[in-house]
Amino acid sequence: MEDVFKQLSAIKQVKPSERLYAKILLNIQTPAVYPLYWSIAVVCLLLFFVLAEWHFIAMQSPHSVEALSTLMSKTNNTLYYE
Amino acid sequence: MDFEGIYIEYHRLVFNLALQYVQNIEDAEEITQDVFLKVYKHLSTFKQQSSLKTWIYRITINQSLDFIKSKSNKTRRFFTALFTDYESTLPAEAVNFNHPGIALENKEAIETIFRAINQLADKQKTVIILLKIEHKSQAEAAEIMQLNVKALESLFQRAKKNLEINLNTKGNL
Numbered sequence: 000m001e002d003v004f005k006q007l008s009a010i011k012q013v014k015p016s017e018r019l020y021a022k023i024l025l026n027i028q029t030p031a032v033y034p035l036y037w038s039i040a041v042v043c044l045l046l047f048f049v050l051a052e053w054h055f056i057a058m059q060s061p062h063s064v065e066a067l068s069t070l071m072s073k074t075n076n077t078l079y080y081e
Numbered sequence: 000m001d002f003e004g005i006y007i008e009y010h011r012l013v014f015n016l017a018l019q020y021v022q023n024i025e026d027a028e029e030i031t032q033d034v035f036l037k038v039y040k041h042l043s044t045f046k047q048q049s050s051l052k053t054w055i056y057r058i059t060i061n062q063s064l065d066f067i068k069s070k071s072n073k074t075r076r077f078f079t080a081l082f083t084d085y086e087s088t089l090p091a092e093a094v095n096f097n098h099p100g101i102a103l104e105n106k107e108a109i110e111t112i113f114r115a116i117n118q119l120a121d122k123q124k125t126v127i128i129l130l131k132i133e134h135k136s137q138a139e140a141a142e143i144m145q146l147n148v149k150a151l152e153s154l155f156q157r158a159k160k161n162l163e164i165n166l167n168t169k170g171n172l
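Respectively, the protein sequence lines represent chains A and B. Here numbering that gives the first Met the number 0 is used: the first residue of the first sequence is 0, the next is one more, and so on. Here numbering that gives the first Met the number 0 is used: the first residue of the second sequence is 0, the next is one more, and so on.
These are calculated hints, taken from the structure and not from any lab test. Note that this is a predicted model, so its numbers are computed, not measured. Worth double-checking, as some hints may not be accurate.
[What the hints assert, rightly or not] Cross-link-like lysine to any residue pairs, in silico, SDA-like; alpha carbons within 20 Å at most:
1) Lys14(A) with Gly100(B)
2) Lys11(A) with Leu103(B)
3) Lys14(A) with Asn97(B)
4) Lys11(A) with Asn23(B)
5) Lys14(A) with His98(B)
6) Lys5(A) with Glu104(B)
7) Lys14(A) with Asp33(B)
8) Lys159(B) with Thr111(B)
[Stated by the list, open to error] Restraint-style ranges between C-beta atoms, simulated for each label pair:
9) Ser38(A) with Ala138(B): 42 to 48 Å
10) Glu8(B) with Arg18(A): 17 to 23 Å
11) Glu104(B) with Leu35(A): 40 to 46 Å
12) Lys11(A) with Asn167(B): 26 to 32 Å
[Claimed, not checked] Some chain B residues flagged as far from chain A (calculated, every beta-carbon gap over 10 Å):
13) His41
14) Ser43
15) Ala150
Beta carbons: idealized from backbone N, C-alpha and C, even for Gly.
Chain A with its partners taken away, still in its complex shape (with noise of 0.2 Å):
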């Protein structure tokens, strides 16, 4: 094991890109912004709701519809004169 030490010992320490500085400055500057994955978690959640509300209504059952139709009675909207 001491060889695996000496040889790790021996790694030199190196200097990162000039360019890194201005890179951290620009960072500082530009406000944070929501990472892509959540961006398309949230559209695939508000999608599954929507596409849930579509379906239920859809599967809805004619008798929905009929009791619909006997509440709101037909009028005579023909004019006439008496």
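Starting from the structure of chain A, add chain B where the hints point.
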């Protein structure tokens, strides 16, 4: 010390420490950016219970470990990640090895050693990096890792033993 002064003083420290975790220039630069963003955001709330250097060390270590986890997480399916135990299923990470601090003639040997280090648990990995690559004293490493020297010593012994096992495993030799 203002932000620019902190960057000038510590950017090499942050970059090199991140490099020991990810062994890749691009990833180390990304971690360095994230570390200094955190430093910038939290500098006003930094309570001087530890030195600035120790605080920056801790941020860098946590950021590097989070980066490695998030990178391996990206390959996993969303629902699989929700319903399975993360630690038990995490595979040994395949690293795009690009460490500029290593001499060409030692590259292959050190790549093998890093592959074995990458398989260690987070704390064991950190203790090896701090003591054997960053040349920190036991007291300094213990302060950074918020442990007492005795606990650090025993952590190092476990790390050393596991590293030896990993190096002797068929895939690493």
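Verification of the supplied hints:
1. For the given pair, Lys14(A) sits about 9 Å from Gly100(B) by alpha-carbon distance, which is consistent with the 20 Å threshold.
2. As the CA atoms of Lys11(A) and Leu103(B) are separated by approximately 12 Å, the hinted pair is consistent with the 20 Å bound.
3. As the CA atoms of Lys14(A) and Asn97(B) are separated by approximately 14 Å, the hinted pair is consistent with the 20 Å bound.
4. Restraint check: the Cα-Cα separation between Lys11(A) and Asn23(B) comes to about 14 Å, which is no more than 20 Å; the hinted pair holds.
5. Proximity of Lys14(A) to His98(B) is assessed by CA-CA distance (about 12 Å); at most 20 Å being required, the pair is judged to hold.
6. Proposed proximity of Lys5(A) and Glu104(B) is supported: the alpha carbons are some 15 Å apart, at most 20 Å.
7. The suggested pairing of Lys14(A) with Asp33(B) holds, with an alpha-carbon distance near 17 Å, which does not exceed 20 Å.
8. The suggested pairing of Lys159(B) with Thr111(B) holds, with an alpha-carbon distance near 15 Å, which does not exceed 20 Å.
9. For Ser38(A) and Ala138(B), the Cβ-Cβ distance of about 47 Å falls inside the hinted range of 42 to 48 Å, so the restraint holds.
10. Separation of Glu8(B) from Arg18(A) is about 19 Å and conforms to the stated range, judged on CB atoms against 17 to 23 Å.
11. For Glu104(B) paired with Leu35(A), a C-beta distance near 42 Å keeps the hint of 40 to 46 Å intact.
12. With their beta carbons about 28 Å apart, Lys11(A) and Asn167(B) fall inside the hinted range of 26 to 32 Å.
13. At roughly 13 Å, the least C-beta separation between His41(B) and chain A is larger than 10 Å, which holds for a residue marked as non-interface.
14. Every C-beta of chain A lies more than 10 Å from that of Ser43(B), the closest at about 14 Å, which supports listing it as non-interface.
15. Annotated as non-interface, Ala150(B) keeps its C-beta farther than 10 Å from every C-beta of chain A; the closest such distance is 20 Å.
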